Amino acid sequence: MLKQKTNHQGSFAAVIAIAVLLGLIVLLENLSDLIPGLPAIFAPTSQLFTVLKKGAVYSLLAVSMNLLNGFTGLFSLGQAGFMLLGAYTYAILTVPMAAKDQVYYLYGGSAVKFSLMDLFQGIFGNAGFGGGVSLILAVLVGLILAGLVAALFAALIGMPVLRLKSDYLAIATLGFAEILRAIFQWQTLGPITNGANMIKNFPTFSDFNIKNASGEVVLRLSTFVPFLVSIVCITLIVLLIHSSYGRAFKAIRDDEVAAEAMGISLFKHKMLSFVISSFFAGVGGGLFAMYVANAQAKAFTSTMTYEILLIVVIGGIGSISGSVIGTFLYVACSEWWLRFLDRETYIGSFKVPLLRSGFRMVVFSVVIMIIVLFFSKGIMGEKELSWKGIGGLLQKLKRKKPAPAAEKED
Amino acid sequence: MEQLISAEYLVSILLSGISLGGQLALIAIGYTMVYGILRLINFAHGDVFMVAGLLGIYVSAAVPIYIAIPIVIVLTVALGFFIERAAYKPLRSAPRMSVMISAIGVSYLLENTATYVTGGQPMTYPTISFLTKTVNIVGTSTKLVVIITPILVLVLIALLTQLINHTKIGMAMRAVSKDFETSRLMGIKINTVISMTFVIGSALAVVGSILYFTTYPAITPTAGAMPGLKAFVAAVFGGIGSIPGAVIGAFIIGICETIIKGLPSAWNVSVFSDAFTFALLIFILIFKPTGLFGEKATDKV
Numbered sequence: 001m002l003k004q005k006t007n008h009q010g011s012f013a014a015v016i017a018i019a020v021l022l023g024l025i026v027l028l029e030n031l032s033d034l035i036p037g038l039p040a041i042f043a044p045t046s047q048l049f050t051v052l053k054k055g056a057v058y059s060l061l062a063v064s065m066n067l068l069n070g071f072t073g074l075f076s077l078g079q080a081g082f083m084l085l086g087a088y089t090y091a092i093l094t095v096p097m098a099a100k101d102q103v104y105y106l107y108g109g110s111a112v113k114f115s116l117m118d119l120f121q122g123i124f125g126n127a128g129f130g131g132g133v134s135l136i137l138a139v140l141v142g143l144i145l146a147g148l149v150a151a152l153f154a155a156l157i158g159m160p161v162l163r164l165k166s167d168y169l170a171i172a173t174l175g176f177a178e179i180l181r182a183i184f185q186w187q188t189l190g191p192i193t194n195g196a197n198m199i200k201n202f203p204t205f206s207d208f209n210i211k212n213a214s215g216e217v218v219l220r221l222s223t224f225v226p227f228l229v230s231i232v233c234i235t236l237i238v239l240l241i242h243s244s245y246g247r248a249f250k251a252i253r254d255d256e257v258a259a260e261a262m263g264i265s266l267f268k269h270k271m272l273s274f275v276i277s278s279f280f281a282g283v284g285g286g287l288f289a290m291y292v293a294n295a296q297a298k299a300f301t302s303t304m305t306y307e308i309l310l311i312v313v314i315g316g317i318g319s320i321s322g323s324v325i326g327t328f329l330y331v332a333c334s335e336w337w338l339r340f341l342d343r344e345t346y347i348g349s350f351k352v353p354l355l356r357s358g359f360r361m362v363v364f365s366v367v368i369m370i371i372v373l374f375f376s377k378g379i380m381g382e383k384e385l386s387w388k389g390i391g392g393l394l395q396k397l398k399r400k401k402p403a404p405a406a407e408k409e410d
Numbered sequence: 001m002e003q004l005i006s007a008e009y010l011v012s013i014l015l016s017g018i019s020l021g022g023q024l025a026l027i028a029i030g031y032t033m034v035y036g037i038l039r040l041i042n043f044a045h046g047d048v049f050m051v052a053g054l055l056g057i058y059v060s061a062a063v064p065i066y067i068a069i070p071i072v073i074v075l076t077v078a079l080g081f082f083i084e085r086a087a088y089k090p091l092r093s094a095p096r097m098s099v100m101i102s103a104i105g106v107s108y109l110l111e112n113t114a115t116y117v118t119g120g121q122p123m124t125y126p127t128i129s130f131l132t133k134t135v136n137i138v139g140t141s142t143k144l145v146v147i148i149t150p151i152l153v154l155v156l157i158a159l160l161t162q163l164i165n166h167t168k169i170g171m172a173m174r175a176v177s178k179d180f181e182t183s184r185l186m187g188i189k190i191n192t193v194i195s196m197t198f199v200i201g202s203a204l205a206v207v208g209s210i211l212y213f214t215t216y217p218a219i220t221p222t223a224g225a226m227p228g229l230k231a232f233v234a235a236v237f238g239g240i241g242s243i244p245g246a247v248i249g250a251f252i253i254g255i256c257e258t259i260i261k262g263l264p265s266a267w268n269v270s271v272f273s274d275a276f277t278f279a280l281l282i283f284i285l286i287f288k289p290t291g292l293f294g295e296k297a298t299d300k301v
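Protein sequence lines correspond, in order, to chains A and B.
Heads up, the first sequence is in the working numbering, so the first residue is 1 and it goes up one at a time.
Heads up, the second sequence is in the working numbering, so the first residue is 1 and it goes up one at a time.
It is worth saying that the hints were derived from the structure and are not from the lab.
What you are looking at is a predicted structure, and each value in this text was computed from that prediction instead of being measured.
Among the hints, a few may not be true.
Unchecked claim - Example chain A residues on the side facing chain B (calculated, C-beta under 8 Å, incomplete):
(1) 166
(2) 168
(3) 172
(4) 179
(5) 188
(6) 366
We put the beta carbon where it would ideally sit given N, CA and C, even for glycine.
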């Protein structure tokens, strides 16, 4: 799906691959309803779907960070700040009017007397097909606005910040993210941001599960939705990277002075990359709020930025497909595959040493350090996943396989 | 207004501001020295400071506190030395960003290990009776630690300045921070100098942690992150690479932060005590990126 599009045939294949992937996601999610008696792994509440949803959200966040850090060479650590802006914009604008008094009860209701949900429900109705249309439109408009607010803020701070060099840029963007976090926790803004408390009751992924009249779920789409949004956004980023702008970004990354000498406007392109990356970080922040079903400023710490940065490093700085693969590996390991490390385990009467709560993250960070130190190119380096690449790899394997067999016969 | 702010209140705020500033200064020196030599923001330094605090708790549970302190210093210095050898040395010829990512990785590892060891619960730092004695100063009663901190900081800085200006290793440090490659060619053992920098930085972080956690006794795995970042801002403010600059920056940040926290609670501004530091950082980066005492660096093509 992330093949370099050199011709129309390639793009056509990519579109087909995306459609097949989305179809498979829908099928997988509804499998337990279609065929009863499947293993627990296919149940809608299983770790598998947590990983898929979180993976879809984090993929977008990682790719948007990679656009800036990997493709433009701007080392920014402001990701959590832009996510925060996106999450809050989405949450504030989509909490239904009816739920506002309950969410903002500490402040006697919200100062924002407006909700995208009510706006669209007023036009299309709030039940049946019309309800679905208004939900889709409210979420869509909410996410786009989330991105725009983050992009606007990036444009504002970009002017002074982008003049700074490498690590100064990193620390300045980190600083802005911390300032944003303080502002959104400020009691005085409580009627808008709900102070240090969380905003909730806005539409989340599970609202997209289609229910029948008696309230039973007939078609689950809660994993499909984050995948769809992420794929659309990542495709837009891929198209950008393959455009002349993307080539300019890479030129700036490889050598600023040479790029400028070739007539590339450094400031214009850096700003463009910064604003676009922030836009998608904002959308990702909105998706993140949908995933955790709340928006709270204290979640968006610098640790979150570091986490996404480490994902980008694992996947390979400068590789989109690497970021996506890295994300799913990271999320699957931290949420699912390494869970056993956190449980105290007995083999017979022998207690396996070290295993207790928190050990998973220790092992995990050691693995990350090993990757950072010894495999600094990450999984993909700067390469992308392509049909050709997979084909080549398969052929290599085919050629290799008979060789050891032959040796054994000798 | 006059009723709100009494002279005693003002003195007590100023005193605790100076004390916080001194504690930050001890961390800031670690940042500024490492940056001066390696051009690396050592994101793990704040976590080394946190680990020093945790070691203080665990070691002092086994032996009396006055024996514990030297042991903690030795252990933390060993940690700092080991981090440099394991995580930064292999990347000496790699791009600067890789080393910074490695530093972030180390910080992540230290925080996660601390969560594992402590179970994520806040730990209480042992009371050092000598430091928590109450004394009277200008009509305000305060803990002795508040008075001792700035004095101790000044003494340590004086010693450090002597070391840097008048010893062989100090001269080597200055040479390396001036020009990494040339000093290597001149026969300076780069790795010894860098290790020494980490040793000094970690030792000062231990002193800082004793003073800091005596004042704010709860240690969580992320307790080092904020003081660490603030100390870094102090280092940038004073001009990165400059030790007096870092100390002055730390005192300014410490005092300003305590003042913001001490403002009337009706204004609801105490939430900005951390944000203020970063606003200061951005201000200085935009208007005087070299800081108060920093040297101007030019880009070489």
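Status of each hint after checking the structure:
For residue 166 of chain A, the suggested interface contact is upheld, since its CB lies about 6 Å from the closest CB of chain B, less than 8 Å. At about 6 Å, the closest approach between the beta carbon of residue 168 of chain A and any beta carbon in chain B falls short of 8 Å, and the interface hint on this residue holds. Hint status for residue 172 of chain A: holds, given a least beta-carbon distance of 5 Å to chain B, under 8 Å. At its closest, the beta carbon of residue 179 of chain A sits 4 Å from a beta carbon of chain B; the interface hint therefore holds under the 8 Å criterion.
The restraint placing residue 188 of chain A at the interface with chain B holds, with a minimum CB-CB distance near 5 Å, inside the 8 Å limit. For the restraint placing residue 366 of chain A at the interface with chain B, the shortest Cβ-Cβ distance is roughly 7 Å, inside the 8 Å limit, so the hint holds.
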